[in-house]
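These protein sequence lines map, in sequence, to chains A and B. When we follow the numbering used here, the leftmost residue of the first sequence carries the number 569, and every step to the right adds one. When we follow the numbering used here, the leftmost residue of the second sequence carries the number 553, and every step to the right adds one.
No false leads were slipped in.
Listed below are the simulated EDC-like cross-link pairs for lysine to aspartate or glutamate, each with C-alpha atoms no more than 20 Å apart in a straight line:
no., chain 1, residue 1, chain 2, residue 2
1, B, 662, A, 671
2, B, 662, A, 674
3, A, 604, A, 663
Hint data in this document are derived by calculation from the structure and do not stem from the laboratory.
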Amino acid sequence: MIPAPPVALGALLPALIVFGTGVLVLLLDLVPPRTKDHLGGVALAGIVIALLGSISLWNHETRAFRDMVLLDNYALFFHVVICYAAALAVLLSIDYLRRNGVESGEYYALLLFSTAGMMLLASAGDLLIVFLGIELMSLSLYVLAGLFKMRLASGEASMKYFLLGAFATGFLLYGIALIYGATGSTNFDRIAAAAAARPRDTLVTIGLGLLLVGFGFKISSVPFHMWAPDVYEGAPTSVTALIATGSKAAAFAALIRVLTVALRAAQPDWSVLLWAVAAVTMTAGNVIAIAQSNLKRMLAYSSIAHVGYMLVGLVAGGVPGAGAVLFYLLAYTFTTAGAFGAILLVERSDGEAVEVGDYAGLARRHPVLAATLGLFLLSLVGIPPLAGFVGKFYLFGSAVRAGYLWLTVIGVLNSAIAAYYYLRVIVYMYMREPEGVEVRLVPSFAGGVALAIALVGIVLLGVMPAPFADLAQVAVAPLLR
Amino acid sequence: MEYLPILLTFAFAAGVAGALLGIPLLIAPRRLSPVKLAPFECGKDPIAISEGRFPIKFSTVAILFIIFDIELFFLWLWAMLFRRLGWFGFVEMLVFLAILMLGYLYIWRKGGLEWE
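So here's chain B without its partners, still in its complex pose (with noise of 0.2 Å):
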């Protein structure tokens, strides 16, 4: 019985997906034409498929946005605590900071952030 509240949350989640989907299909009115179905493209017409080729600095830039996201994460936990976790949490804390910085050099030497 400890499980039901989870077992609840699933069935609430499940609840809600569903009406999101399934109210729409009941009322709203559908009245399609070419337009409509045409792929979107910010209001232009499509101009290329979407399986083609992209820049893959844009994955670059997440993976690099993911990292500082995350030191920033660990960042703000260890400041909430800098006074009572003392020297000892400040020497983790460049430590973890200086292994960090190791792969920043890293992808700079290696041209990671330049866009051409």
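For reference, chain A alone in the conformation it holds in the complex (with noise of 0.2 Å):
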């Protein structure tokens, strides 16, 4: 007999209950009623449900499958802010597909695979874990993104976004490759211990480089960014809403994880590289978003730019820098998920608003709407009380106690800057008379509780932000002892 392996699946969990979802609402779709409304509804109670049972195992670390996925503390955080993004995706999508026609089974099962292929790369503990999470991730989200068909936008988005993922996909193979080639493993502890006996190893550091490569493009940091704006403009906007949240959260969550732990021992080269990273891509990020009139291509450049304000907490390292990172990320998903929620809302008789003058005097008509995109502008651009500023705060703070004074200067600056393509929407808004063709706001009370909830999540994290800090950071501290 061949003994039986111990499976234990419980460190699965939160991500089976997720994929079971999926599976679920997949055969639902099969049976009637014909209508589809229910499926939204599904798929939003196995979310929660995830939800609440990562909240629930807070502080009960799980190991399991060799040390190949790990549930701790970390993990269970990224979980809270991947669940917090499915769920505002799910809720903003239930009224949007049935504007477009676009209502189906499929669409619900595949945000929530793609939801658990983040959530299984957030308690990844080794290297294949994190390929296999990037893939169940991506390969749903490409196909999401291209979901309208007959919109040529769309389909581009999805055909770029394939092919320059599986593009990027092949970097990161190649870098793993090559550490499990000079550390003889793939699990991150063994990675490390070998990787410390031997340090300055060239292939250990060409494999980073790799790897970087990889994570780069699923963050969309520069220079591996092109591809954000144009998928974030064609693929529908709550998808968008999700890839530019939970997608980036949990290559965060991994990327973080695969530095700070397998690699720790090559930390003078990434930081210098990331030094680099994080100026370019907060620079290049917001200077371009200043030519952009289209609102959903001017956030996909402003969350290039956040990236950069999370390489610096990075760079700075230690609980403090991380931790740092992890509040700044949870932050960025209210805020980020409740604009793209806000635009999504808007509309025009001949299609989406999406166009800075669509917004011209959006105040009068629609007051309600129009304070809840300015707060949510407010807090990306950093102004207190909202959850943005004490994320920058945070983030450059923990720069400055590191020594990094010049990256702090520079993110400082591009703060600035940023404020003026943000402050710009707002003025429209406020202080100009309606043009063009009129535009009206859909009616949704889904919508609606998305917004509410990411408006309750930036305001509660800018008024009272120590606690969730706190658990930031005791999320972190084990995996830099």
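Grab the two chains, each in its own frame, and use the hints to assemble them into the complex.
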């Protein structure tokens, strides 16, 4: 008899709940009733159960499958962020899909599979699980980006995302192979031990570079950001919200764990590299965003700039730096999902209202929505007392304490540049007369709930940040021991 | 030096492929005629360009074939070790097949098996 290996599915429980819900949605799609109204509800219920389960598992660390899957506080923190992102995306989707006539069970199933991939990525303890998680996440997102089959832009988004994503995954795999070749393992802890025994190994350094190319694509840092504006613009807005928040958070989760645990010995190398990447990413993102008149493209470049800010925290390192990145991701998820959600609820008679000009005079006609979108934009600028301000405060504070003064100066200057294009939208909404085609507000209860949750999130994180920042630090502390 | 066999394999593969392309180029008689240069379609005159439309059903069938092919591949390995794997292996295989059958059910209900 071959002895049965231990099967500890508990370590995968939150991801399995989401995955199981995805399968359930696919099956429910096959049986009557033919309306699809309930599928969004089922998907949402699955995500909420996974969210509550993740919260209840806090402080119960589990390792399974020979340390390939780690369900520690770090993973659970990201599970919560990812579940929030997915839940907001589902809430925003329900009426949006019906409006565009593309309701389908496959949409929710793919969204849930993608979410499960993100959660797997957050709890990866092995480079192969990182690869598996990235594939599960990305393959679903490639299809979701092309959901509007009849729109050229959507097909272009899907195609571009798929081709470039597959190419980036190739780099990631090559990096994994080289690191395996140099250290004899794909497990984070064993890589760390082997790399510490042989410092400055050329093979590890090349592997590190290739891994950073792969991750750089997934988090859309310069110079691997080219896909982001086209994909964000062409993909359905609800999917864009998920790509911009959930997939980025998941990729950051794996990146931080790989860098701080597996490749800790190479920290001098990667912190220098990321210093430059952070500076260029912030600057390029913000400067190009100024020139955008399409709101979705503008938010895409703004999200690139925010990746630059988060990399500052990673460069600063230590518990304060990594903790600040986690907190920022939480704040950023609420803010960005909210901003895309607000855009999704505004409509022109001939399609989506995405040009800045469409928002002229919005405050007079729809004061509540204008105020909501304004608050999200102010949080992105980093105005107190909203979440964005506190997030940036923690990030730049950790960088100053770690001695990265110049990087902080670049970051603060960038925040000032960024204020211009965010505030321009607010100026349009409040100080201009309506022009061109009239826009209308789409009535959507679920969308309203999503915006309310995101709004409560950014205000709560902004007014009362300490408990959440503490949780973020508790989550990262074991990684950096 | 431990990678030498791999290098030799590459060299051998390149050599064979090169020879298959190169030798005919050198020694084969070349008497071209319009018929020989025409695109080939089972001996008939070509009736459409090759980039034209073709039914996507073929790819659906191909995907189904691959799914069942790979299923068989795993089933084969499992059957070889069936007794030694015991009940654990049996249950694992049932789980695997159940997931696969869900996919099959989905394709069936979505009309993936209908030709028209």
